[in-house]
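Engineer: Residue numbers (our numbering), protein chains in the order written: chain G, 1 to 112; chain V, 1 to 113.
Hints were generated in silico from the structure; no laboratory data involved. Please read all numbers here as calculations on a predicted model, not as lab measurements. Treat the hints with care, as some may be off.
Taking lysine-lysine pairs in the DSSO-like style, the calculated list, with each CA pair at most 30 angstroms apart, reads [to be verified]: (1) G/Lys99 / V/Lys95; (2) V/Lys71 / G/Lys70; (3) V/Lys95 / G/Lys36.
Residue strings, one per chain:
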Amino acid sequence: GEDVEQSLFLSVREGDSSVINCTYTDSSSTYLYWYKQEPGAGLQLLTYIFSNMDMKQDQRLTVLLNKKDKHLSLRIADTQTGDSAIYFCAESIMDSSYKLIFGSGTRLLVRP
Amino acid sequence: NAGVTQTPKFQVLKTGQSMTLQCAQDMNHNSMYWYRQDPGMGLRLIYYSASEGTTDKGEVPNGYNVSRLNKREFSLRLESAAPSQTSVYFCASSKLQDPDTQYFGPGTRLTVL
Chain G
1 GEDVEQSLFL
11 SVREGDSSVI
21 NCTYTDSSST
31 YLYWYKQEPG
41 AGLQLLTYIF
51 SNMDMKQDQR
61 LTVLLNKKDK
71 HLSLRIADTQ
81 TGDSAIYFCA
91 ESIMDSSYKL
101 IFGSGTRLLV
111 RP
Chain V
1 NAGVTQTPKF
11 QVLKTGQSMT
21 LQCAQDMNHN
31 SMYWYRQDPG
41 MGLRLIYYSA
51 SEGTTDKGEV
61 PNGYNVSRLN
71 KREFSLRLES
81 AAPSQTSVYF
91 CASSKLQDPD
101 TQYFGPGTRL
111 TVL
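Isolated chain G (complex conformation):
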C-alpha cells in the first residue's frame, strides 16, 4: 500500500541549514511535493519535483530525490525564525484514481 513517512520534529538554530527527510513506498509516484503549514493556516505549496529528477533548487530550498531508496529531502539554507512551521511531504499516485498521499508532517522549530 501507499505510505509516506516523516520524522515528527526537528529543531535548528537560526542561520543553520535544516534538512527534513521523507520516505515513500509507491514506486509509481509521478510527482513529489513539499508543503508548509503555519499555525492556524492552510497548506502552502513550497516546491515539487518530478520523479525522474534527482535535484531541484529554488532559492534557499533544495530538494533531493533518491528514487532507488524512495527517499526525498528538503534542505532549507540559512534557516530563519519565519521558517518555523510544519512541513508535509506528499506523493501523487495515479492508479484506478488519482491520489495525493501525505506524510504526517515534520514540525520545524527554529531557535534564535
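We have chain G; now place chain V onto it with these hints.
Structural biologist: Chain V only, in chain G's frame:
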C-alpha cells in the same frame, strides 16, 4: 484572486446535527478536493472532483457527501455528525490532477460534541 476560500472558519456541532462546508475557487481550476487533518497525521482525502460534474471517493469517505455545484464550488456535507468527525477540513483545487499542484484553502475547524 482570492484563491481557495472556505466557510465557515470554525463550527461546533452536537452529535447528530448536519451541516455543509462550503468551498470556492476563483482560479478556473478543474479539480477540487476535500481533506481532513487530524492531530499527528497527514491529510487524508475524503472526496475529490476531477472535473465539473464528477465526484469520486477518496481514502475516508464514510459519513460524508459532496456536491460539485459548478466549476467554482465544491461542498462537503455531514448528514449526521459524529465526534469522530472532529477535525480540520481543507479544501484544495488544481488545474489538472497531475502533474499540476494543489492549492489549499485556510481550513474549517469542526468540533462535534
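Engineer: The structure should be examined with respect to each hint, and the outcome stated for every one.
Structural biologist: Results of checking the hints against the structure:
no.: 1; hint: G/Lys99 / V/Lys95; verdict: holds (15 angstroms)
no.: 2; hint: V/Lys71 / G/Lys70; verdict: violated (36 angstroms)
no.: 3; hint: V/Lys95 / G/Lys36; verdict: holds (20 angstroms)
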